[in-house]
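So the chains spell out like this:
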Amino acid sequence: MATTEPPEENGSVEQAPTSAALDRLLAAMPDAVVESEFQRGAPIARVAPARLLEVMTFLRDDPACRFELLSDLCGMDLGMVRPDGERFDVVYHLYSVEHSHVLTVKTAVADGTDAPSVTGIWLTANWHEREAFDMFGIGFAGHPDLRRILMPDEFDAFPLRKDFPLEGREKDHGYWRQPGDDDRYTYVAEPPEKK
Amino acid sequence: MLGTRELEINLGPQHPSTHGVLRVKLKLDGETIVESDPVIGYLHRGCEKLGENRNYIQTEVYTDRMDYIAAINENLVYIEAVEKLLGVEAAPRAQYMRVILAELQRIASHLVWLATHALDIGAMSVFLYCFREREAILDLIEGYCGARLTTNAIRAGGMRLDFPDGWTGAAKDFCDEFPARLKEYDTLLKTNRIWMGRTKDIGVISGEKALSYGITGPCLRASGVNYDVRKAMPYEVYSEMEFDVPLGSVGDTYDRYLVRLEEMRQSRLIVLQALAKMPEGPVMNKVPKRIKPPAGEVYVVNEGPRGELGVYLVSNGTDTAERCRFKSPCFVNLQALPELAKGHMVADIVALIGTLDIVLGCIDR
Amino acid sequence: MSVVQRPELSLWKRLFLVELLQGMAVTFRHWWRKPTTEQYPKERPKILPRFRGIPKLQDHPDVEGILCIACNQCSIICPDDCITVLGEPRTVGKGKQAKVFILDYERCCLCGLCEEVCPTTPVPAIFMSHEYELARYKRVDLMNDMKELYEPQPTKEYLK
Amino acid sequence: MKEQLIQYLAVPMLQIAAIIGVMLLCVMYLVLWERKLIAFMQVRMGPMRVGYHGLLQPIADVVKLLLKEDVVPKAADRWVHLISPIILMIPALACFAVIPFTGTSFEVGAFTIPLVNYDVPALTVTSWVADLNIGLLYFLAISSLGVYGLVLAGWSSNSKYSMLGSLRSAAQMISYEVPLGLSIVAILMLSGTASLVGIVEAQQEAGHWWLFWAPLGVPLLWPQFIGLFLYFVAAVAETNRAPFDLPEAETELVAGFHTEYSGMKFAFMFLAEYLNMILAALIVSVLFLGGWLPVTFGIPGLSELFGNFLPFLGGAGAAITGFFWLALKVFLVLTVYLWLRATFPRYRYDQLMSLGWKWLIPMGLAHVMVTALFMLLRG
Numbered sequence: 001m002a003t004t005e006p007p008e009e010n011g012s013v014e015q016a017p018t019s020a021a022l023d024r025l026l027a028a029m030p031d032a033v034v035e036s037e038f039q040r041g042a043p044i045a046r047v048a049p050a051r052l053l054e055v056m057t058f059l060r061d062d063p064a065c066r067f068e069l070l071s072d073l074c075g076m077d078l079g080m081v082r083p084d085g086e087r088f089d090v091v092y093h094l095y096s097v098e099h100s101h102v103l104t105v106k107t108a109v110a111d112g113t114d115a116p117s118v119t120g121i122w123l124t125a126n127w128h129e130r131e132a133f134d135m136f137g138i139g140f141a142g143h144p145d146l147r148r149i150l151m152p153d154e155f156d157a158f159p160l161r162k163d164f165p166l167e168g169r170e171k172d173h174g175y176w177r178q179p180g181d182d183d184r185y186t187y188v189a190e191p192p193e194k195k
Numbered sequence: 001m002l003g004t005r006e007l008e009i010n011l012g013p014q015h016p017s018t019h020g021v022l023r024v025k026l027k028l029d030g031e032t033i034v035e036s037d038p039v040i041g042y043l044h045r046g047c048e049k050l051g052e053n054r055n056y057i058q059t060e061v062y063t064d065r066m067d068y069i070a071a072i073n074e075n076l077v078y079i080e081a082v083e084k085l086l087g088v089e090a091a092p093r094a095q096y097m098r099v100i101l102a103e104l105q106r107i108a109s110h111l112v113w114l115a116t117h118a119l120d121i122g123a124m125s126v127f128l129y130c131f132r133e134r135e136a137i138l139d140l141i142e143g144y145c146g147a148r149l150t151t152n153a154i155r156a157g158g159m160r161l162d163f164p165d166g167w168t169g170a171a172k173d174f175c176d177e178f179p180a181r182l183k184e185y186d187t188l189l190k191t192n193r194i195w196m197g198r199t200k201d202i203g204v205i206s207g208e209k210a211l212s213y214g215i216t217g218p219c220l221r222a223s224g225v226n227y228d229v230r231k232a233m234p235y236e237v238y239s240e241m242e243f244d245v246p247l248g249s250v251g252d253t254y255d256r257y258l259v260r261l262e263e264m265r266q267s268r269l270i271v272l273q274a275l276a277k278m279p280e281g282p283v284m285n286k287v288p289k290r291i292k293p294p295a296g297e298v299y300v301v302n303e304g305p306r307g308e309l310g311v312y313l314v315s316n317g318t319d320t321a322e323r324c325r326f327k328s329p330c331f332v333n334l335q336a337l338p339e340l341a342k343g344h345m346v347a348d349i350v351a352l353i354g355t356l357d358i359v360l361g362c363i364d365r
Numbered sequence: 001m002s003v004v005q006r007p008e009l010s011l012w013k014r015l016f017l018v019e020l021l022q023g024m025a026v027t028f029r030h031w032w033r034k035p036t037t038e039q040y041p042k043e044r045p046k047i048l049p050r051f052r053g054i055p056k057l058q059d060h061p062d063v064e065g066i067l068c069i070a071c072n073q074c075s076i077i078c079p080d081d082c083i084t085v086l087g088e089p090r091t092v093g094k095g096k097q098a099k100v101f102i103l104d105y106e107r108c109c110l111c112g113l114c115e116e117v118c119p120t121t122p123v124p125a126i127f128m129s130h131e132y133e134l135a136r137y138k139r140v141d142l143m144n145d146m147k148e149l150y151e152p153q154p155t156k157e158y159l160k
Numbered sequence: 001m002k003e004q005l006i007q008y009l010a011v012p013m014l015q016i017a018a019i020i021g022v023m024l025l026c027v028m029y030l031v032l033w034e035r036k037l038i039a040f041m042q043v044r045m046g047p048m049r050v051g052y053h054g055l056l057q058p059i060a061d062v063v064k065l066l067l068k069e070d071v072v073p074k075a076a077d078r079w080v081h082l083i084s085p086i087i088l089m090i091p092a093l094a095c096f097a098v099i100p101f102t103g104t105s106f107e108v109g110a111f112t113i114p115l116v117n118y119d120v121p122a123l124t125v126t127s128w129v130a131d132l133n134i135g136l137l138y139f140l141a142i143s144s145l146g147v148y149g150l151v152l153a154g155w156s157s158n159s160k161y162s163m164l165g166s167l168r169s170a171a172q173m174i175s176y177e178v179p180l181g182l183s184i185v186a187i188l189m190l191s192g193t194a195s196l197v198g199i200v201e202a203q204q205e206a207g208h209w210w211l212f213w214a215p216l217g218v219p220l221l222w223p224q225f226i227g228l229f230l231y232f233v234a235a236v237a238e239t240n241r242a243p244f245d246l247p248e249a250e251t252e253l254v255a256g257f258h259t260e261y262s263g264m265k266f267a268f269m270f271l272a273e274y275l276n277m278i279l280a281a282l283i284v285s286v287l288f289l290g291g292w293l294p295v296t297f298g299i300p301g302l303s304e305l306f307g308n309f310l311p312f313l314g315g316a317g318a319a320i321t322g323f324f325w326l327a328l329k330v331f332l333v334l335t336v337y338l339w340l341r342a343t344f345p346r347y348r349y350d351q352l353m354s355l356g357w358k359w360l361i362p363m364g365l366a367h368v369m370v371t372a373l374f375m376l377l378r379g
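Residue numbers (the working numbering), protein chains in the order written: chain A, 1 to 195; chain B, 1 to 365; chain C, 1 to 160; chain D, 1 to 379.
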């Protein structure tokens, strides 16, 4: 949401981006923010999962921040990018109608551990967290109704993880691909026997 | 022994008024809704996964298919995100063209909403009248980019093509004709006692609650919250346009109806202004042929017809995105359905599904 | 920003059903308007010049032989992987030309990217034709090889 | 004995056969007219493919419905599922017995049927099957039986949508019987008879349609307009037509009580609905619009002008003319029916109920009293 920045004039020197909300957060809870940066003008704060609820409540209620709108919540698989660290990021995009400013909050979650649920702070997080759970298998502690939302209930994988094949698994769509003549595939109903 | 128990009924996924393949599990006490649970995912095509496996040019094709009622708005927000990643800007003429097309698309989308909403409540003719006007807009869009729904019209750095000869005149003609048509809809619906009875005080939601639910767009503004991305964080050339953001006072279905109708009028004004102000010049800035943005991330929001359309793109320096997230306003708005529907009757739930203006392709992605 | 007005019915209007009669007048007026629909198979829609129908191949009189140079650009850009091109040395002049060109309409999403990237001059070898009737009786018929891609699709005239 | 047998058995049989045949044809073309009219109002063309501008479409539809597979849900009660369309259909047809299609009866002289050499004595043929002196009551009683068919259809389908639809329709039809009855009471008072033939004859005697009843010569005060309005609204609700088509509100209940019906059974329900529509239009024409009396009836000097188009045919000509006028009135009333459907949104269940009980019934009561008052004042 770098649109908060004034459009750059040709040839002008790029100004260092600032964010009142991020400054306020850093001033109020310096120990909660693991790291903060600006990406293309937009402020990003990384918060440890343990302090997340505290930070989020502060961000919503503090008069200088007032992030009433959770614009988006999504998961992200960083298994390839940081193979040693936590596998997932949960990304929160906040917006304040009152001050018209934005903030991105991120928290890192390891595979198999839960992120705290922010459904108590923003009701909209309910479905977003269900989606993140559905797509990445990120658990959300304290979520009232954590079940699959887009995929069928009996589905047993997490499709947006990087290790899930793009074409889907053959057993999910119920047919198996066999190389046929003429460089084309034929589709068969039974799994082909392994030679 | 006689006993009473709640009637459980499945509204959808095959049902005339679920706008696609939405399924709502309803618990009824007589005709009164006790509980409703929307079940989605029947149209899940994995656009986000595709966005991570296709390059930036190819992914735009998938944005057409998400909100297929308002493809240009989806194209626009995605391309804006790509441009922001690349650090390029669109050519000045292209920016005006984008605004014109996006606003025409907004009118078309609102017309579909009005048509289906009215049809759900039983006003059959409005459906066809609205589609007649929408046809005119789709003809304009087809004349510009060659496709009516899956436009694929916008490119990073500008537009694919310039307007063909006579296009601006045709667009002006449409704008001149449009208010008379809107007046007809008003006569048929706005003051009609049946329509008022069916929409007033149905699905009331306060501004605060709507914000907490993350509702955006006309549904939020009908609850009296003044948040329009076009005004709050102007993109393209919206800052140069003069237009009004209509707000509601009660936050019921009738307010949402009034707000959207007023938005159509305002969009028409924006189109006229942009047509008048549009400069001559090239429509495309210089952009590398293979789009390989430097690593980094960007979250861009736009005002779509249904609410805040968001795209979160994380680049890893290659020509495919590391993470391509589409935030859908319909997905968020639909979440409030149980809250809106509680205590109303079966007939109202179709009015509520209509008033939220959902597109299942946008919800499931 | 402004708050929309919520109209209320006056007693007079309420009593004499004025707004209902006005509504009926609107539909009555439409009764006498010209229909806007097209009787499709009989009347065919007018096609605008930029219309994107199914992709086809074309040649150009200025270029000898096949226009397609088998550069594979379309096959690379295609988001649905529906194009397969195999090249062979050009029969006239230098470079390559297409030997096999298979287009799978079953997967094609008519996005027009292939036409956009086609580098041949003066016209793109692959272009979005104005044909839009895609229905076939067999799936195999949707797989089109080079010969079929050059031929225009026969249109049936429906008079009844 | 033989004369009576022919007069009271054979002739009514033929009349019944004729009425059923003609009415089914009317329904077929009413459906076509509905589709065409609504299409015109929605700036489109409607059916265009079968015959010239779709004129043969009804026949194609009938053939399709006849040939269609009859699907019965597994969990349905088969017999009730089968019977309920018939229960719907019979009252709808039975009501036509008391409708006078035209006024003049004509004499058929004695003749011999060739081949079988059967001597038929001289007969009097009327346009109605029976002129009951309680004709209006008969109509009210029989037509309300149809609701059993709806309820049973909804219940026997064993589908929740059907069930909701039939519950709605039962409530709706019972509620709207009351204003329907009340709107008729005034006409009974004016005519002094419950026979439908008698009602038209009373209008003939009075010299104007009951709709234009201007007691005390005050032209602004036409209480029977209220009566017509009440009757019309109640009849639209009774026949489950828009804007009161809740029992089959397609956007809510898919198709309401006939969700699980297909083929011929569905066709029966469809027929019954449209027969009821025609019936309601006929009753409106007879009670308020002067039945077979010409449209100019009541205008001084023009009353008898269009009484007989075909004077050279004598009584038969007058009968045909009367039939023509009635058909015209019915057609216009039906067109208004369809026009409503093209224009209005649908009421909600509770709004429909409150409209019926809170507005139409008090209005009906007041209407009866006002009519009585004026009759009293006039003496």
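It is possible that part of the hints are untrue.
In silico contact screen, one side only, chain B against chain C (beta carbon under 8 Å); selected entries [to be verified]:
no.	residue
1	Gln14
2	Arg93
3	Leu188
4	Tyr254
Residues from chain C shown here face chain D by an in silico Cβ test under 8 Å; the list is partial [said to hold, decoys possible]:
no.	residue
5	Gly23
6	Pro35
7	Gln39
Think of the hints as simulated: they come from the structure by calculation, not from any bench.
For each residue, glycine too, the CB sits at the ideal point set by N, CA and C.
Handout entry: Hints the structure fails to honour
Key = Violated: hints 1 and 2.
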